[in-house]
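Peer 1: Take these sequences, add in the hints, and give me the full structure.
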Amino acid sequence: MFKDESEFKRIVGQLNIDTEPNPAHREGLRRQMLSVFNEAEQQPATRITVLQILRRNIMKSPVTKIAAAAVIIIAVLTGIHYFGISIPGTSVVFADVVERLHNARTMTYTANATTEIEIAFKKPGYMRTTMPGGFVTVIDWTQGKGLSTLPTRNQFIEMEMSNLPHDPAQHQFNVIEKLRTLPERADEELGTSEIDGRVLQGFRVTEEDVINTVWIDPQTRDLVRVETEFINAPGMNVVMTDFQFDVELDDSLFSLTPPAGYTRIEVQADVSGVTEHDLIEYLRVWSSWTKDGTFPPTLNPMELQKVSMEMEQQGKFGDGQTTEQQRKRDAMTMYRGIMFLTQLPAESNWRYAGEDVKFGDANTAIFWYRPEGSETYRVIYGDLRVKDVEPENLPK
Amino acid sequence: MVGAMAKLFERTENDDLVLRARTQADALGRLYELYYERIFRFCVHRLFNKEIAEDVTSTVFLEVARTIRTFKGRTVQDFQNWLYAIAANQANAYIRKASRRKKLLETAVGLTTVSTTEGTDNSPDWPQLHTAILKLKPQHQTIVTLRFFENLQYEQIAQILDVKEATVRVTLHRILNELRNHLQSEFERQT
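Chains as they are written, first to last, in the working numbering: chain G, 1 to 396; chain V, 1001 to 1191.
Simulated from the structure, these hints should not be mistaken for laboratory data. Do not take every clue at face value.
Partial list, derived from the structure: chain G residues whose beta carbon lies under 7 Å from chain V [said to hold, decoys possible]:
1. Lys9
2. Ile11
3. Val12
4. Pro21
5. Arg30
6. Met33
7. Leu34
8. Phe37
9. Ile195
10. Thr206
Distance ranges between label pairs, derived from CB positions [claimed, not checked]:
11. V/Glu1165 x G/Asp246: 51 to 57 Å
12. G/Ser255 x V/Val1170: 55 to 61 Å
13. V/Glu1165 x G/Val199: 52 to 58 Å
14. V/Val1170 x G/Asn363: 27 to 33 Å
15. G/Leu344 x V/Leu1019: 27 to 33 Å
16. G/Asn363 x V/Leu1019: 49 to 55 Å
17. V/Glu1013 x G/His277: 42 to 48 Å
18. G/Gly134 x V/Lys1137: 30 to 36 Å
19. G/Asn22 x V/Leu1019: 27 to 33 Å
20. G/Glu7 x V/Glu1165: 18 to 24 Å
C-beta: ideal position from N, C-alpha, C; glycine also.
Peer 2: Next comes the structure, spelled out in structure tokens:
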């Protein structure tokens, strides 16, 4: 057995491992790579995302209104995390699907997470989402502007998103671009399976912390279903179905003009410079809303509406008598806090353990993550102090 | 002197290639030629299967094609570190699935040739060694591969993994202990 590094090196050196490349793969990949490179230069940025919002009948308290406003912005700006999918394309079956994705002027589909959402996309950067209850949001990513309407309340929310990345390649929200790159990412073929009465061919694509399962109809070459599973975020899974391409979508569907007679709730979302402090403030604000001073049960923005509804129904929030200005401020605090999370890379290994923990509990760690390049973790405790902790001393 | 100057010139030329590759396909193609084999070899060492290694190598270079316009590095060394980082992440993502790890374990034996020229000691053969390596954390597997199969210096491994050099040294020390324990247990079990 080896005693030290040099002996281990000697052992490895004795191994004769076949690493001779296949010239056909080498040449084929070269062509494919340069094609992708050239294509990336030519294609305009197109973006798509998803929204969630509280339903009218539970939007009674200021707390849930704030949650609604925050969730809108959070979901808009983080949607790609739930729809940042890829489809494999090593199979011939995908050729038509990929072609369609490349050429699509419009695309619609249904996304089902905790709520069913209809999503429509139109070049160059328009998208529209429709929630149960008629809640509609339109976003023009080319202008960085959005409009949400709540027909049952005759209210609308205008959104302006500043400091979005200028470079499309860095843009998190570029789901269509991701769809277009699906062909190169297949890493597992699942064979056929019957789903909803159709025999479909499945493929799997694994990214950093996301597993996408894509189902294609081998007869019609239709993209039928995409299931996205988030390895480090249980409960955030999304299923996308009902894909349609190049259906006629009138420009009026993407109008940013609010309906006459509606009253305005305006939100400005600055996506720059969020830090750990923003998360701490979010946790502080939330604990001030709850009657018992507990922190949110989850930090998953896609679960936020559900959690808010349940807590509201259970009477867990205080009376929430706040000014409009305060509500706007709180909404922004929530938004920035969640944005901090969504910007953390998978390597940060962030964990949230704040459920049922009350503000002031100095002995309980409620959140921790490893900053980029750091050897230690930042740990936030129930009294919102922060300490640097060695990995081996993290809470179990 | 001439050799040193030539080396300097070569380095400068390749650095220039990295800058040009952000906008010029021919420069990217040349970088590809420079690094394809190295990344493929890394993937084989990491994944023990040439077909899987081809898939992951493809993912790496297609990722490069999509994102090189925003790559901030300026030298060929930066580019190499970036490539290895992408390759390490992609390989880890592949291995993360337990079913795949099992498949790797099952197939690697048949895909490699073992040559233990000094076979009189209890040195592990390749199947035993890779079985032990696969029991490590993904990042630790990466460190072993970069250090012993790619022969990279600690400094470069630290840059690729975005950690301090001292961390790599300490971690590698622990990894070797862990590997030794795995292998010793296995050896004792078999004898």
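Peer 1: Hints broken by the structure, by number, lowest first?
Peer 2: When the structure is compared with the hints, numbers 9 and 18 turn out to be violated.
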